[in-house]
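Enquirer: So the chains spell out like this:
Protein chains: 2
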Amino acid sequence: MAEPLIFYFDFSSPYGFLAAREIDGLAARHGRAAVWKPMLLGAVFKQNGMQPLLNIPLKGAYAKRDMQRETRRLGVDFRLPDSFPFASISAARAFYWLWERNPNAARRFGRALFEHAFVAGQDISKPEGVLAVAEAEGLERDAVQAAMQDSVIKARLRQEVEGALAAGVCGSPYVLVDGEPFWGYDKFPRIEEWLEKGGW
Amino acid sequence: MAEPLIFYFDFSSPYGFLAAREIDGLAARHGRAAVWKPMLLGAVFKQNGMQPLLNIPLKGAYAKRDMQRETRRLGVDFRLPDSFPFASISAARAFYWLWERNPNAARRFGRALFEHAFVAGQDISKPEGVLAVAEAEGLERDAVQAAMQDSVIKARLRQEVEGALAAGVCGSPYVLVDGEPFWGYDKFPRIEEWLEKGGW
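Residue numbers (this note's numbering), protein chains in the order written: chain V, 1 to 200; chain C, 1 to 200.
The hints are simulated quantities; they were obtained by calculation from the structure and are not laboratory data. If you're wondering where the values come from, they're calculated on a predicted model, not measured in any experiment. Hints are supplied without guarantee of correctness; some may be wrong.
Identical chains blur together in the list; that is why a pair holds if it fits in one copy or across any two.
Unchecked claim - Lysine to aspartate or glutamate pairs mimicking EDC-like chemistry, simulated, CA-CA at most 16 Å apart: (1) Lys59 to Glu180; (2) Lys187 to Glu162; (3) Lys197 to Glu70; (4) Lys187 to Glu70; (5) Lys197 to Glu180; (6) Lys46 to Glu196; (7) Lys64 to Glu180; (8) Lys187 to Glu22; (9) Lys64 to Asp82; (10) Lys46 to Glu162; (11) Lys126 to Asp82.
Based on the provided sequences and hints, a complete structural model is requested.
Expert: Now the structure itself:
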């Protein structure tokens, strides 16, 4: 099998949510897998003097409208949680813990976390919210709770955020195809074309 | 004929260049025309505390790579002029002067200005560069030169920049379809879909 796609995203990113619904199917259509790599966009922005999307004048208003339009197109009953943007560090830690054990279960858990936030409009910024999703997915509550406090997992996430910075991640989603970067959900058709043609 | 598409762009925008090659064909396929509205992205950015794309950490490097990839895909022999970003006020003034007289000639002139900058890599930031393109397009040099200094034309451009701000323009290209905004060349397939379906 060819090299996997590297799928960087933030659990607090609505466009990351849309990408997470499609990335595995997109990869599979071209004989690939996708490696999910949640990162913390806040850390990327801070290190680079960038602002959260919805805080940027004009772009923020545009993005809110675009999120509604893109999700309506897909038939997704989208809502922004009351608190947005929100911290995604607990979700990302829990995800990496599960990824090490069972990537497919982690993908399902990842999609469930996104839906809890952006369809149910629930809070996943605190451990309690992450644990609610974990229980609904049949994961062991105590194990997930311990994982979010585990120093090895914490170090893993820090390392992944640094890796994302080194890979040039400037937003969510950000996908590497054999080292070629594609930023944004709007680029998904271009990723498909790139995989079909083997680049250009 | 249905309402025209409103096509906002900056003559210093590489993605505006790509959009300008396609916007009229896109509109025509759906029984529409496109009204071209050059604006000054620098003024929009200044008023909103935004940065030119290539000055933003990570995003700038990504955008440079993406411009090369998007133009290679189209078979466009793209280059960034040595001085970039550059002032597009003279080009925009000359354009509006011609648009009032002959919109189709203005569209050809607009595409020629873009090619001069982003294929030939020439300077269109000063009146001399704009005049070189005007002459090559068979326009009267003296008339174009006078137009770039005309107070009515200057006021028209200021008014168009204010109109762009009021319309929420946050980048180039930015297209309004019956009031629905689409930002970025990456959105062109979505504009096509919106026109085909009559929205969603």
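Enquirer: Each hint needs a verdict: does it hold in this structure or not?
Expert: Evaluation of the provided hints:
Taking the shortest alpha-carbon separations for Lys59 and Glu180, only the inter-copy value of 14 Å comes in at or below 16 Å, while the best intra-copy value is 26 Å. In this assembly of identical chains, Lys187 and Glu162 lie within 16 Å of each other by CA distance neither inside one copy nor across copies; the values are 24 Å within and 31 Å between. For the homomeric pair Lys197 and Glu70, the shortest alpha-carbon distance between copies (14 Å) is at most 16 Å, but the shortest distance inside one copy (26 Å) is not. In this homomeric assembly, Lys187 and Glu70 come within 16 Å of each other (Cα to Cα) both inside a single copy, at 13 Å, and across copies, at 11 Å.
In the homo-oligomer, the alpha carbons of Lys197 and Glu180 lie at most 16 Å apart inside one protomer (14 Å), although the nearest pairing across protomers, at 33 Å, exceeds that limit. In this assembly of identical chains, the alpha carbons of Lys46 and Glu196 never lie at most 16 Å apart, being 36 Å within a copy and 41 Å across copies at closest. In this assembly of identical chains, Lys64 and Glu180 lie within 16 Å of each other by CA distance solely across copies; the values are 13 Å between and 28 Å within a copy. Proximity of Lys187 and Glu22 under a CA criterion of 16 Å is satisfied intra-copy only: 12 Å inside one chain copy versus 18 Å between copies.
When the C-alpha separation of Lys64 and Asp82 is checked against a cutoff of 16 Å, the pair qualifies only within one copy, where the shortest distance is 13 Å, while the shortest distance between copies is 36 Å. Taking the shortest Cα distances, Lys46 and Glu162 sit within 16 Å of each other inside one copy (13 Å), while across copies they are farther apart (32 Å). Taking the closest pair of Cα atoms, Lys126 and Asp82 come within 16 Å of each other only inside a single copy of the chain (14 Å); across copies the shortest separation is 49 Å, beyond that limit.
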